[in-house]
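Single-letter residue listing:
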Amino acid sequence: MQASSLQNCNVMNGDGNATEGRSSAFVVSARKRKLQQITRTAGESTLFLIAAFVAVIVLFIFYFVARDAVPFFEIRGFREFFTDTRWYPADEPPVFGALSIIYGSLMVTVGSALIAIPMGVAAAICLSDVLPFSVRQYVKPVIEMLAAIPSVAFGFFALVIFAPMLQNHGGSILMWSWWIMATPLILLMIVVGAELVSSRIEDDRRRKVAQRVLLVVMGALALLILILVGFRLRSIEIMTGTNALNVSIILSFMALPTIVSVAEDALQAVGRDLREGSYALGATRAETIIKTILPAASSGILAGVILGIMRALGETMVVWMASGNSAHIPEPWYNYLDSVRTLTATIAGDMGEADQVTGSARFHVLFAMGLLLLVISFVSNFISERIVVRQRKILSGQ
Amino acid sequence: MKLFRKIFLGAAVFGLMASADASAAANKLVLDGSTTVGPIAKAFAAHFTKTTGVPVTVSESGSGNGAKSLINKTCDIADMSRPMKDNEVAAARSKGVTPVEHVVALDGLAIIVHPSNRVNSLSRAQIRGIYMGRYTNWSQVGGPNAPIVIIQRESNSGTQDSFKELVMGKDNPISKRAETQASNGAIKSRVASTPNAVGFVGLGFVDNSIKALLVDGVDPDARTVKNGTYPLHRALFMYTNGQPSGVVKQFIDLPKTPEGKRIISETGFVNYY
Chain A
1 MQASSLQNCN VMNGDGNATE GRSSAFVVSA RKRKLQQITR TAGESTLFLI AAFVAVIVLF
61 IFYFVARDAV PFFEIRGFRE FFTDTRWYPA DEPPVFGALS IIYGSLMVTV GSALIAIPMG
121 VAAAICLSDV LPFSVRQYVK PVIEMLAAIP SVAFGFFALV IFAPMLQNHG GSILMWSWWI
181 MATPLILLMI VVGAELVSSR IEDDRRRKVA QRVLLVVMGA LALLILILVG FRLRSIEIMT
241 GTNALNVSII LSFMALPTIV SVAEDALQAV GRDLREGSYA LGATRAETII KTILPAASSG
301 ILAGVILGIM RALGETMVVW MASGNSAHIP EPWYNYLDSV RTLTATIAGD MGEADQVTGS
361 ARFHVLFAMG LLLLVISFVS NFISERIVVR QRKILSGQ
Chain B
1 MKLFRKIFLG AAVFGLMASA DASAAANKLV LDGSTTVGPI AKAFAAHFTK TTGVPVTVSE
61 SGSGNGAKSL INKTCDIADM SRPMKDNEVA AARSKGVTPV EHVVALDGLA IIVHPSNRVN
121 SLSRAQIRGI YMGRYTNWSQ VGGPNAPIVI IQRESNSGTQ DSFKELVMGK DNPISKRAET
181 QASNGAIKSR VASTPNAVGF VGLGFVDNSI KALLVDGVDP DARTVKNGTY PLHRALFMYT
241 NGQPSGVVKQ FIDLPKTPEG KRIISETGFV NYY
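So the sequence lines, in the order shown, correspond to chains A and B. By my numbering, the letter at position 265 of the first sequence is numbered 265, and the numbering carries on one by one without gaps. By my numbering, the letter at position 190 of the second sequence is numbered 190, and the numbering carries on one by one without gaps.
Chain A with its partners taken away, still in its complex shape (with noise of 0.2 Å):
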């Protein structure tokens, strides 16, 4: 760009010089040609050591943490620390078991993918191909806000006004919570349903009539089922606010404007062009959502959703704060009520004791636990790396 402009410059420079009798109007000067190429050569050499350095920096982490990870498998071997449940690494004798706490980690990380991934891509969906320009523009960076708020912040609401307000009201706000967020879906899947089903008679009046029969039937089927779980999970008493379902929920938030953003990105990018080519052939604007933009942008919104989670999974503050940090799994193991506690914020918690003087099997576990979380991102990363890469195969029609 530089250099063309640079030429064309020049260009101009020779023809008013012409008459003079100077160098040709397309030869830059030798002098010039010098400077521009050690000028070239300057500029790519820091690109590529600022580039290289944050690929070093990578490899080094990599590095320092497996360096102190691997004395504690030297010291204590693979089982206990994968296998046990037992976490009491003050204790005398030390007991150094993590699985509790790595499903702890795994158990908030998918109760916020479950509330944050659907809510996410249902908000891209809304801000890319719903809501007016005028709109989006406004709405777009309000959502992303929500990544500029401290951590911390999240944690001191989580523990101070959510989890109180979990266990005073914790039944209703279940209750409201299922009944505002299934009643949409589930007249969805009647109103779907009806039409599916009707769709087999032949004869139009008999159909119109089977429809609504059957929209009655799953209608009234419909209603029970939402006030038979409402009034059941009202009845739910929680005991303690400070649990998986707080930290789900808040991490979720916090997961939020990654993938709202990453997404609506990717669907914006799908251009203006498959839209209209979708319309033109006959699709309505659900068929055209379903079918064409949200294939073609599969591959970005995977990015964002994989980019959410990781900010789940590795987020601390709030955890360290609101999951209660009971270092158990749950019983049954799917309680989202119960508290749990995370790998992150063992690490966070325990660092302050864990020093190489005072007992070194309980310092290096803590590094054993960050590689494991290093370990996760990495292949998570790599998957989904894979899985963009083959969706764009097909997508390309290799």
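Since the hints were derived computationally from the structure, they do not count as laboratory data. Idealized CB from N, CA, C, for every residue including glycine. A hint or two may mislead.
Only part of the chain A face toward chain B is listed, based on derived beta-carbon distances under 7 Å [what the hints assert, rightly or not]: (1) Gln167; (2) Thr240; (3) His328; (4) Asp350.
Some residues of chain A that are not near chain B, with every Cβ distance over 10 Å (derived) [to be verified]: (5) Val58; (6) Leu127; (7) Val139; (8) Ile186; (9) Gly193; (10) Ala222; (11) Ser377; (12) Ile387; (13) Gln391.
Fit chain B to the given chain A structure using the hints.
Okay, now just chain B, sitting in the frame of chain A:
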């Protein structure tokens, strides 16, 4: 280029500041350690700065961290709510630090519950049973029919160590179900907002938002802690590197002055001297 020079200069100044030994600066005191001793240390610091003009920094990162800071010479005084462990003393010696113990005040470990809880008194054996997970319902210890939410401190807390020593004993691990909070204040606010919770804090943290239980029938207060009838009592310490001198000595001697005694009772702890 100018910008580069500025950045370089900034980095150099920052590096110098960071590398300067905290204890080398004579006109500044750095305290680190126990969150239990924290309120005393902070009140002392305010008083000390007002009377002598020496700035005092107080960090609260737990007794274990305090010991670590003293060993690494990043603080002048380590606040600790438990005596230094043998391996900490050994680590200090190996780094050329001689920890010297000073008792600041006495403290009782209050067992606290929500004010609405019917239970008023527990024996030490009952508390141990609760924290071991043997009793899981308040009805088993004379309370309402509700599950018990156990709250403990994290492992670098001196209060946690004192609790283990005074209540649990060596071979009784605390239940895996126990929730973990990072400070006395966090435990208090969790118990104050959770009707079925039980926790333990230093005597100085007891107020109207929670209810302190009688232990073995004895009320936790200044008198019972001082005369030793309240079973869960302990001394609070400050550790210095070698015998204190100069401003450090002035600070360490505060608990012996009338003003220091007033501050200690005002923060809810018990005078040792």
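> Beyond 10 Å from every Cβ of chain B: is that where the Cβ of A:Ser377 lies?
Replying inline: holds (25 Å)
>> Holds or violated: the hint that A:Asp350 contacts chain B, with Cβ atoms closer than 7 Å.
In response: Cβ of A:Asp350 sits 6 Å from chain B, so the hint holds.
> Hey, does A:Val139 actually stay past 10 Å from chain B on C-beta?
Replying inline: holds (34 Å)
> Just checking, A:Ala222 versus chain B, shortest CB gap more than 10 Å?
Replying inline: A:Ala222 is indeed farther than 10 Å from all Cβ atoms of chain B, at 34 Å.
>> If I take the minimum Cβ distance from A:Gln391 to any residue of chain B, is it greater than 10 Å?
In response: Correct as stated: the minimum Cβ-Cβ distance to chain B is 42 Å, above 10 Å.
>> If I take the minimum Cβ distance from A:Gly193 to any residue of chain B, is it greater than 10 Å?
In response: holds (42 Å)
> So is A:Val58 really clear of chain B, every C-beta pair being over 10 Å apart?
Replying inline: Non-interface label on A:Val58 holds, nearest chain B Cβ at 23 Å vs cutoff 10 Å.
>> Using Cβ atoms and 10 Å as the threshold, tell me whether A:Ile186 really stays out of contact range of chain B.
In response: holds (34 Å)
> Hint check: is the beta carbon of A:Thr240 less than 7 Å from a beta carbon of chain B?
Replying inline: holds (5 Å)
>> If I take the minimum Cβ distance from A:Leu127 to any residue of chain B, is it greater than 10 Å?
In response: holds (37 Å)
> Taking the least C-beta to C-beta distance, is A:His328 closer than 7 Å to chain B?
Replying inline: holds (4 Å)
>> Hint validation: A:Gln167 versus chain B, beta carbon distance must be below 7 Å. Holds or violated?
In response: The hint holds - A:Gln167 has a Cβ within 7 Å of chain B, the shortest such distance being about 6 Å.
Violation of the numbered hints given earlier is absent; every hint is satisfied by the structure.
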